[in-house]
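There are 2 protein chains.
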Amino acid sequence: MAYNGVLAQYGHLMDLPAHTLPITLLEGNTPLIPMPGLAAELGGGFELYVKFEGLNPTGSFKDRGMTAAVSEAAGRGAKAVICASTGNTAASAAAYASRAGMRAVVIIPDGKVATGKLAGAMAYGAEVIQIKGSFDDALNLVVQISQRHPIALVNSLNPYRLEGQKSSAFEICDTLGAAPDWLCLPVGNAGNITSYWMGFRQYNTLKQSGLPRILGVQAEGSAPLVIGHPVEHPETVCTAIRIGKPARGEEALQAAEESNGRIIAMSDDAILAAQRQLASHGVWVEPASAAGVCGLVHQIRTGQLDPKGKRIVAICTGHGLKDPDIITRQAATPRALPATLAAMEEAILGER
Amino acid sequence: MAYNGVLAQYGHLMDLPAHTLPITLLEGNTPLIPMPGLAAELGGGFELYVKFEGLNPTGSFKDRGMTAAVSEAAGRGAKAVICASTGNTAASAAAYASRAGMRAVVIIPDGKVATGKLAGAMAYGAEVIQIKGSFDDALNLVVQISQRHPIALVNSLNPYRLEGQKSSAFEICDTLGAAPDWLCLPVGNAGNITSYWMGFRQYNTLKQSGLPRILGVQAEGSAPLVIGHPVEHPETVCTAIRIGKPARGEEALQAAEESNGRIIAMSDDAILAAQRQLASHGVWVEPASAAGVCGLVHQIRTGQLDPKGKRIVAICTGHGLKDPDIITRQAATPRALPATLAAMEEAILGER
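Just so you know, the protein sequences line up as chains W and H, in that order. Just so you know, the UniProt record's numbering puts 82 at position 82 of the first sequence, and the rest follows in order with no gaps. Just so you know, the UniProt record's numbering puts 35 at position 35 of the second sequence, and the rest follows in order with no gaps.
Chain W with its partners taken away, still in its complex shape (with noise of 0.2 Å):
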């Protein structure tokens, strides 16, 4: 009954080097939960699930293309792996490395980074390094390092990333017997939507799970896929999806075309609200990951996606302890009451 991680459950699925080393920490195997309290508030007749996959190692999905990227790296023998990012992917790349027993570099841009926001990477081990530029200079950087250098880069343009994040797909198809009729799924770089895809794909060239519409959603300030230019400043609350210049972009738009879906824009008001409603049903996920609902929420509203009758599965891609500010900023300091029974009945009963 062990599970062994995504490599051991579905690596002969996936397109990697024969050198390939396993490195994991049983990342995968998240849970699919079925959501009928919020799919009665959407008016109901039919199956609603989010994949939760804030409950990967280190609180993302991240962790799937990781292990793949580090396993890959680990085994033609690399000792460092470095990435630019502020957030997730950093987290991810410093557990895996630290893992393996490689070094992680994560380079983060100047200014634009909370402290917070890094803690994992940090935890992990990674050394830090912050540079006077722009996040697109960072990447330049790790890119011309991995070139010149045996430090494995595993930022997203590593392929075996997209590799890994394809598992998601296999487990959706396995625990529900097919594919979903629509997939709901935030865009932001455009990696997952991608190997989403593709995993879809290939899955139903081999087992006929048949393949999901997919609805790709992305944040109003930061939407190049739906405005069909690059944004240069993006701006969301949505920090796992702010970028401007998507690495997957035309195979994103390839994704939603080919499975007759589409991607949408929605403004941070509606993400967080869309937030609150999935921690209503007992889910608290990062903001980017509620958009993937929001977007959901949005097309049954207006009518332009009719659920009746179907199954919808909405991905989170991280956990809401990712980012407790954006609770607390929104929340009233608790008042202190006497501790008396009296001031609790009042407090709790005397409202109602």
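Worth flagging that the hints you see were computed from the coordinates, not collected in a lab. Computed from a prediction, not measured in an experiment: that's the story for all the values here. Check before you lean on any hint, since a few could be wrong.
If chains are identical, the list can't say which one is meant, so a pair holds when it fits in one copy or spans any two.
[Claimed, not checked] Heads up, simulated DMTMM-like pairs for lysine to aspartate or glutamate below, C-alpha to C-alpha not over 20 Å straight-line:
(1) Lys-132 with Asp-110
(2) Lys-310 with Glu-41
(3) Lys-245 with Asp-136
(4) Lys-79 with Glu-345
(5) Lys-245 with Glu-232
(6) Lys-132 with Glu-232
(7) Lys-132 with Glu-345
(8) Lys-132 with Glu-346
(9) Lys-79 with Glu-346
Position chain H against the provided structure of chain W, taking the given hints into account.
Positioned in the frame of chain W, the structure of chain H alone reads:
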């Protein structure tokens, strides 16, 4: 292949009333991560695993007990749950209550709570009330309120919490095929050590799965079970086990004795070192969660525990994301370098 949570999996082995109505977030089924690198650092020659309970839906092991407690409450028609808590219990209670469509009321002591630690409870929509009093005052109040009103008490006095938490012992036996030789875990309120021992004994009676010796570990500033009397003002960075009067102290001492194990105390510095050591092998846990490994390291180094040929499981109760501040407080702010290849190469390669 669908996994449906700990009540679906092991509910038949839990002493729960017939009216229990399963409320689940697909808690449990957490990975048992092999730690060969850490075992090698401790001299090798034995199997070491971490049961990573931080990968439960709200980020801690509390979800196993909370699904049982809230399911029982929902089944008898309770419309609200209440608890005194400053952290993991509050978040878990809030999540399961929201899932059940019930109110969650959390009473917290005055001035002792970082707003950030409550983000989870707030995110899931709990009503947080601060009182001008201590944690014990808060606990007394929630007990009184639950006795006078149809509001279910979900603090650890609730017996169904222990029933649900037994599921982790069952999972460990099912994954390994038998109980481990040693089980190492943090001890605060002592409910968890109590329910592990209940679970292992029950499984052994049913399936001859064997019994582990139990090493319980408290923090030195909060070690009532080691010093033999309550601690009026417990102090430790391990907030999750900062408890001076454990609710299940007697049961914990009995579990240690019956299992031919022991309960020891470790310093905060040693526990934080164990936290770093775990993270250096890819597993980032909150400080309290490193106590079990810390005690194991100490017992092996001092020759009080011979691991050779043994199979040892350490329980890590909560994710590192629960307490990022402890990391950022210890870390230096990264210095900013020029965005040039030369500067990067100097920084990355120059020092080695």
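How the hints compare with the structure:
Only within a single protomer do Lys-132 and Asp-110 lie at most 20 Å apart by alpha-carbon distance; the minimum there is 5 Å, versus 43 Å between protomers. Proximity of Lys-310 to Glu-41 under the C-alpha cut-off of 20 Å is restricted to the intra-copy arrangement: shortest distance 15 Å within a copy versus 52 Å between copies. For the identical chains of this complex, Lys-245 and Asp-136 are intra-copy neighbours only, at 9 Å inside a copy versus 54 Å across copies, given an alpha-carbon limit of 20 Å. Taking the shortest alpha-carbon separations for Lys-79 and Glu-345, only the inter-copy value of 15 Å comes in at or below 20 Å, while the best intra-copy value is 61 Å.
For the identical chains of this complex, Lys-245 and Glu-232 are intra-copy neighbours only, at 8 Å inside a copy versus 57 Å across copies, given an alpha-carbon limit of 20 Å. In this assembly of identical chains, the alpha carbons of Lys-132 and Glu-232 lie at most 20 Å apart only when taken from the same copy (18 Å versus 51 Å across copies). When the C-alpha separation of Lys-132 and Glu-345 is checked against a cutoff of 20 Å, the pair qualifies only between copies, where the shortest distance is 15 Å, while the shortest distance within a copy is 56 Å. When the C-alpha separation of Lys-132 and Glu-346 is checked against a cutoff of 20 Å, the pair qualifies only between copies, where the shortest distance is 15 Å, while the shortest distance within a copy is 55 Å.
Taking CA atoms no more than 20 Å apart as the test, Lys-79 paired with Glu-346 passes between copies only; the shortest distance there is 17 Å, against 62 Å inside one copy.
Against the hints set out earlier in the document, no violation occurs for any number.
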